[in-house]
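Residue numbers (this note's numbering), protein chains in the order written: chain A, 1 to 171; chain B, 172 to 372.
Hint data in this document are derived by calculation from the structure and do not stem from the laboratory.
Please note that a few of the clues may not be correct.
[As the list claims (entries may be wrong)] Below are the DSS-like pairs computed for lysine-lysine, each with C-alpha atoms no more than 25 Å apart in a straight line:
1. B:K332 with B:K293
2. B:K340 with A:K121
3. A:K165 with A:K121
4. B:K293 with A:K121
[What the hints assert, rightly or not] A short list of chain B residues far from chain A (calculated; beta carbon distances all over 12 Å):
5. D193
6. M225
7. R260
8. V270
9. K340
10. D347
11. E348
12. R353
13. R364
[As the list claims (entries may be wrong)] Derived Cβ-Cβ restraints for the label pairs, each shown as a range:
14. A:H161 with B:R294: 58 to 64 Å
15. A:N151 with B:G229: 21 to 27 Å
16. B:G268 with A:D109: 39 to 45 Å
17. B:L354 with A:H161: 34 to 40 Å
18. A:V169 with B:A292: 33 to 39 Å
19. B:R294 with A:E35: 39 to 45 Å
20. A:G146 with B:L354: 18 to 24 Å
All C-beta atoms, glycine included, are put in the ideal place defined by N, C-alpha and C.
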Amino acid sequence: MRQIGRGSGREAEAELCRRMAPRIRLYGLRHLRDEHASDDLTQQVLITTLEALRAGRLREPEKLASFVLGTCRMTVLNLRRGAQRKERLLEQFGADLPISVQPTIPHLDHDHLARCVQNLKERERTVVVMTFYDEQTGADVASFLGVSEANVRVIRHRAIHQLRKCMGVAE
Amino acid sequence: MSGEDTRQANCRNPIDAAVLADYWLGVLAEAEEATVEEHLIGCDWCGDRLREVMALAGGLRNLAREGSLRMVVSETFLDRAREEGLRVRQYSPPAGGGVQCTVTAEDDLVIGRLTANLRGAKRIDLSICDGQGVEQLRLPDIPVDSGAGSVIYQESITFLKAAPTSTMKIRLVTFDEAGGERLLGEYTFNHTRSLPGPGAW
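Just chain A, with the same shape it has in the complex (with noise of 0.2 Å):
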């Protein structure tokens, strides 16, 4: 960070890049629901990161994961207001933002992954299908159910730990 305050930080920009873009990435993905806008909100928090860096305004490390946060906060309410930085930005600090190489979503196994749903019971079955396909809240699956929204909850992290087990993925 003080490299890269001192204007002197090619490299550590490059390493400030390569480590926040995934999270910020990640971040953008459970918000915008969008690649493309993920990866146009990982740009334009780190050019915000960057532009910060490079006048001065953050100079203590601990705080700047707390500031790309909020970053990212503020420029998705931004993204959903349609207020637009991004033309301006990308004209000033575009050109000079360090290309990162962003960890893909990882293959499950199509035929194993039906294997272990198949294999879950009735009501984890229908709870873990309803949940992700419909994005239905645990309202609507707790009143198909006839049970309680907490009920659908532990039924829910209950199937989710067995699919992880069943798929060798579980800590």
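Put chain B on the given structure of chain A with help from the hints.
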């Protein structure tokens, strides 16, 4: 130490995968979501695990769209499938009766609407039998909306597209206080193969 091990070692307080799933679904309370995000912005290990959860969510969506799972579904599920442009083929045989049925290459989901009086039933099993009534598979304790008066059963379209002309009987059964089975309804599906392929398994 591999990169993955280093990431894991750097995470002092890993977030439960099911909580990451709740985060992805957007069902966490505001304060809990904020806590998860503060952790994720500094933790690549939990970020990797969130990507695994996202892959799982995507895989589940694909499985649901394919119609290859044998399961009970809701009316809302079918509405969403139609909105997505999926072609839903439905049969509604009366309890104790049967229906002629088939599946075509254009179908995406195949549904059997099984009408029965479900009131008061604490547990209902769905039994899948061959044409002679011999049970081949049982889905125990299926989720039902007792007020709806019917069960919406999705048969695997992958299975049906491969199946020869044959008869399938489906039974809904419940249990009395002593644990004895009581039949709620039996439904016969006389499947005629309309796709090219072998005439028998």
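Hints the structure fails to honour: Numbers 1, 5, 6, 14 - these are the hints that the structure violates, sorted from lowest upward.
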